[in-house]
Amino acid sequence: MPQPVFQRPSAFARFNLWLLLTFLVGGAAMVGAVYIEMRREALNDAEATARVLLDHNLAFHSYFNSVLKPHVFAFSDKINGKGYFDPTWMSSTYAVREVDKTFKTNSPANYYYKEAAINARSPANEADEWEREFIKRLNTDPVLTVESNIREMNGEPYFVVLRRGESMEQNCLRCHDTPQKAPAGLVEIYGPERSFGRKVGEVVSAISIRVPLAEAYARNTQVSLLLSGILLAVLACVFVLQRVLTKRMFASPLLSLEAQSRALAASPDRLGEQLDLPQGREFAALTEAFNTMSAKLGEDAAAKNHLLDELLSTHAELEQFTHVASHDLQEPLRMVVSYVQLLQKRYQDQLDQDAQEYMGFAVEGAVRMRDLISDLLEYSRAGDHARELTPVRSADCLAEALDRISKSLEERGAKVVVENMPIVRADPAQLIKLFHNLLTNALKYSRAEVVPEIHVTAEAEGEGMWRICVRDNGVGIAPEYWTRIFSVFQRLHPRGAYPGTGIGLAVCKKILERHGGRIWVESTPGVGSLFCFTLLDGEGHRP
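The opening residue of the sequence shown carries number 1 in my numbering; numbering runs sequentially from there.
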């Protein structure tokens, strides 16, 4: 089953993806920034409202205690006596609380105001734990004036501001020193226990204002969503616009250049053609560079084709010369051999021993020359591409090669073992010649005192290739000659020791080069040799 091919995304797609991610991250950051800024504005508004209320009520307290009460007490003491008490004008805290109630009745203002005190006369003003702690710190830290925080009460968020409240003044002790010194009416109303025992300079209260944030937060969220939606819409429009412009200004010219380049690459005859210059300095420079390269490739291709034509013409002439030379040279050699042998036969009794030997040398040289010419002709034809490579049963080609040397095998009593021969892609005639040369060498270079043994095996090598090996138990080859023996006219032994022209292995190498394979040898002198070569698989499968 073919594996799916992974295609890398184009640079334009990657650019758009990164740009989209950038827009999304930037949009999210801007939405978050808008939300945080709106939340901060809501807190600032709440704090401003709280400070206005604090400053207003503190001013009311200051006027009430320092201006109004002294004057009214002067008249009241003469009329009502010192035991008289009326909180409506004698208690600034009472007055502020009542004014605040009236203000809330007449105004939709939604806030909570409290003058928190420890042991307050009115239970409504009794400080909670946080307010109590703040009042205690006010009496130990003269610099501390105000403190703000966000607190959650009954599941709702509030912005809470605590500010330094009243400090006991001398005229305040009339109502806050001891129950005995306080107006009798005050004790009758509030009792003799609460808010007594104060001292001059003591901070007795903290003004606490709570501004609810739920409504402000809701408005903040609503406005943030609206602004975020507008912002995201703008970003989306900008992204679409830039994508269209990028495609028109960058991607389309590149795709056009790619299409034209592929068209030129697909047709070698079009090498040297020039591409149209697109708009834009960068693309124009790129196109000019490509056109320069195309022109150079066109010139090189023309020169190569010219050289190829000359090479083909020379090759054809060389083949013609080879055929003619082989025929014209072999014919005189045959005549020399025939007439010298005829002379030997006719004048045998008239020639002395030296003449007989000289004529034998002449015949032997002519025969050797004939064999050499024949082998050279075969070598020149080994790279012939006239016949197409087709699937071939290598076992059949091997059997044909063995049949051609069967007489020599029988004479030497050789043992031949063949295993696992595959179907390969080859020229049958050349494959037979390849086997014939290797088998002949294995038999020719066998050791005289040993029965020749030849093993032919095959196994898969890599993807779509076979390795076929011919092993013998002959004389072997020294490592320094493993490469040299595949060259033309290379012999490792004297001519008298082993027959041959030194071309057989060179022919094998040339045949395998034509088949897209290779050949090599591994050998141990005195033990034997292993000749291996590779061929393409003929059916695309393994046995």
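Any given hint could turn out to be false.
If you anchor each label on the Cβ, the simulated ranges turn out as follows [to be verified]:
(1) GLN180 / PRO142: 17 to 23 Å
(2) SER406 / ARG518: 40 to 46 Å
(3) LEU173 / GLN222: 25 to 31 Å
(4) PHE23 / GLU461: 53 to 59 Å
(5) ALA460 / GLN344: 53 to 59 Å
(6) VAL417 / LYS304: 28 to 34 Å
(7) LEU255 / LYS304: 48 to 54 Å
(8) PRO142 / LEU24: 49 to 55 Å
(9) GLY413 / GLN344: 20 to 26 Å
(10) LEU318 / GLN344: 33 to 39 Å
(11) ARG51 / ASP177: 30 to 36 Å
(12) GLU461 / LEU24: 19 to 25 Å
(13) LEU311 / LYS415: 33 to 39 Å
(14) ASP354 / TYR481: 35 to 41 Å
These aren't lab readings, by the way, just hints derived from the structure by calculation. The C-beta atom is built at its ideal place from N, Cα and C for all residues, glycine as well.
Per the hint of 33 to 39 Å, is the separation of the Cβ atoms of LEU318 and GLN344 within bounds? With a Cβ separation near 37 Å, LEU318 and GLN344 satisfy 33 to 39 Å, so the hint holds.
Beta-carbon spacing of PRO142 to LEU24 - inside the hinted bounds 49 to 55 Å or not: 54 Å, holds
Indicate whether the distance between the beta carbons of VAL417 and LYS304 respects the range 28 to 34 Å. Given about 49 Å between the Cβ atoms, the range is violated.
Range first: 35 to 41 Å. Now tell me if the beta carbons of ASP354 and TYR481 are that far apart. Holds, since ASP354 and TYR481 (Cβ atoms, about 38 Å apart) stay within the stated range.
Does the Cβ pair SER406, ARG518 satisfy 40 to 46 Å? 29 Å, violated
How does the Cβ-Cβ distance of LEU173 and GLN222 compare with 25 to 31 Å: does it lie in that range? Violated, since LEU173 and GLN222 (Cβ atoms, about 53 Å apart) do not stay within the stated range.
Outcome of range test on Cβ distance (GLU461, LEU24; 19 to 25 Å): 53 Å, violated
When you take the CB atoms of GLY413 and GLN344, is the distance between them in 20 to 26 Å? 34 Å, violated
Quick one: are ARG51 and ASP177 within 30 to 36 Å, going by C-beta? 33 Å, holds
Assessment of proposed distance window 53 to 59 Å (beta carbons of PHE23, GLU461): Cβ of PHE23 to Cβ of GLU461: about 55 Å, so the range 53 to 59 Å holds.
So the hint says 48 to 54 Å: do the beta-carbon atoms of LEU255 and LYS304 match that? Violated, at about 31 Å.
Holds or violated: 33 to 39 Å for the Cβ distance of LEU311 and LYS415? 47 Å, violated
Violated hints, listed in ascending order, are 1, 2, 3, 6, 7, 9, 12, 13; each of the other numbered hints is respected by the structure.
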